[in-house]
Amino acid sequence: MGGWDVLLSPVILFFVLGALAAFARSDLSIPESIAKGMSLYLMASIGLKGGVQVAAAGLSVEILLAAITGLALSFLIPVPAFLLLRRAGRLDPINAAAVAAHYGSVSVVTFVTGVETLTAAGIPPAGYMVAVMALMETPAIIIGLLLARRTSGAALPTRGGLFHETVLNGSVVLLLGSFLIGFITGKDGFAPVAPVFDTAFRGVLCLFLLDMGLIAARRLQDARALTARTAALAVLLPICNGTIGVLTGALIGLDTGSAAALGILAGSASYIAVPAVIRQTLPQADPGLYLGMSLAVTFPFNITLGIPLYTMLAERIVGS
Amino acid sequence: MTETVERRRIEVLVDAPLVKSVVRASEEAGIRGYTLLPTLGGAGAGGRWSDDQVSGAQSKVIFLTVTTQAKCDALTDRLAPILESHGLVLFISPVDVVRAEKF
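Residue numbers (my numbering), protein chains in the order written: chain E, 157 to 476; chain S, -6 to 96.
Excised from the complex, chain S in its bound form (with noise of 0.2 Å):
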């Protein structure tokens, strides 16, 4: 059987424009991998939303990586001030991985 570890998984809904900062705060965590994924709307406390390319401005994007429990912990600590002023909405779960030394 295939060994696998546990690690976080953690995925950022962030505003196209904002995603440098969340980058940024995910590479002083020192998170190296991660992937951008597009989305095409929804509805939050803001009410509904959906890809905005002309003005760009609302235009969601989400923030995924797989990490370590204490770098988890890092970015976590980094984006958590910010997370109400800049409209993130968070999400960290356990998931299992194969070649652990990858996350």
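With the rest of the complex left out, here is chain E (with noise of 0.2 Å):
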């Protein structure tokens, strides 16, 4: 499976199917609390099996370079978006600052995603990337928040909050810990839970995306705070930040299938980790707006579009 192949791979298909239940208007739900339990499952998952790769593999300077290239995308990748959001959006420097937080984070589903279509194509990205994924969730918050300050003067947290915030994040921690988890117990560790969290990864997988097709369509369908120009921004932000990961990947000498997941993450959008973090530190700012951005927008165009884009680019900058 390449190319636009995996636009049929049943992942992609009951994401298709979700939101076309609800844009029919189908009762069609998964209860919250599960949704919220596949979610933890799929992080705790991602980030054992990052872990079991990277002990397997041995530590090493390409995987420090790749982490580095992570984390400043993720402090730089706000500022031009803000700046876009300012003139081309224009949007106030509250919600463009917290708009621009959620571009600079990642989302966790959209790489999940990714990396299985990476691996069905042939070219999985290294285990390590999940970690750079875990470095890359925060750093965009701080930035948002600062942007936030010196252009409106919206007040900040203290340290010890956005400390609490950030690195104590809970999407964070989970991914961060299962990884480390992965690495100590290493392969013969990781064999007798392999049943629960690799086994049943795609099925768990097809599901969270079935509702996340729900939920997106849903909020596309309410996205009173949407407009042309946020939503065409919503698809614009995710191309060019996907191909500056990709490119940079490229540059720092990554794999093609590597390349192409840093570009997924640098041309994903949070909706899972910065939203709660943004709506408590940035009250005045609109969820509806920044939400229906990254959920109802630029998510499903990263499912459908944006992952087979982004691994063309790769395909053809780093060679397939």
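Quick caveat, the hints were computed from the structure, so don't treat them as lab data.
So the derived list for chain S, only partly shown, Cβ under 10 Å to chain E, looks like this:
#1 Asp8
#2 Ala9
#3 Pro10
#4 Leu11
#5 Lys13
#6 Ser14
#7 Gly40
#8 Arg41
#9 Ser43
#10 Ala50
#11 Gln51
#12 Ser52
#13 Ser78
#14 His79
#15 Gly80
The following residues of chain E were derived to be distant from chain S, with all beta-carbon distances above 12 Å:
#16 Phe179
#17 Ala244
#18 Val360
Glycine included, each C-beta is placed from N, C-alpha and C at the ideal position.
Two chains, two separate frames, one set of hints: put the complex together.
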């Protein structure tokens, strides 16, 4: 399976089914607590598997380089995104900063779906990309808050509060924690828990994406805060950021799958970790806007078109 | 007949990540007891909303407390400036309670 064939994989088709069901006003729904449980399962699973792969391959300079690059991207991407949102999107400083923070951070589910499609295409990304993803979760929040303060004078939380909300963010703790467990236990330690964390993984991902299709489509239907401009930017930003990610990955010498994964990470926008933190730290920002852009437009775009696009770009630049 | 005393019942509809702000304001107003209630969904000025545990940003909670008029006023004064920016919905109503010393 390669290129655009991934659009016909069960994972993507379940997402499309969810979206179609929501558009058709079906009463199909997945209980919220089960959806929350599935997201925790997916994060623990991807973290564990990444740690096991790094334990097998060993630590290297390449890992350090990828980690530094990921961190740099997460710190830098919000700045041009903020300027674009201010000028082209005509957003006020607070909302532009809040949205920029989402686009500098990453979407775990987009990454997990990307890893699945890249693996199916025969170009699996390196296991350490999971750790890169975890590192890219929160720097953008700090930059987003600083942008909000510099441009609008918005109050920032205390250092302790910011540290708690970013570094101890639940998804970061679970991703890095399970990555560390996988790294410590290695392949032998992973074998007994593999039936839960590996065998069932794709099936759970299908169900989770079914729910995400429902949520994204319903949010799009109710997205009063979205305008044609912000919706267009929600497509333009991932394309620009994803391209930067792939190019940077190629520049530091990543293999095709890992460069594509870095593009997927850079092109994705958070809708799990960042919204709750931004709601708390920048309450004046409109959650309908940042969730509408990241969840209702960018996420479906990346799942259906973005991932094949970044993969194709990586294949062209790095080679297949 | 059991004696009842009038108190103020305060309900605040608040996004889950902002509950701490409301609890802090109530503590500053001298209110010690409160209950947090989950919600399923609804509709308002920003459109329809529903329980959202995946992002958690727009899950809404009802902060419920019963207190004296003085403490009610103190809490209202603290919440009034952030009602708009934090998207809070505040209700205050009279309520008769038994065991007035508890509230």
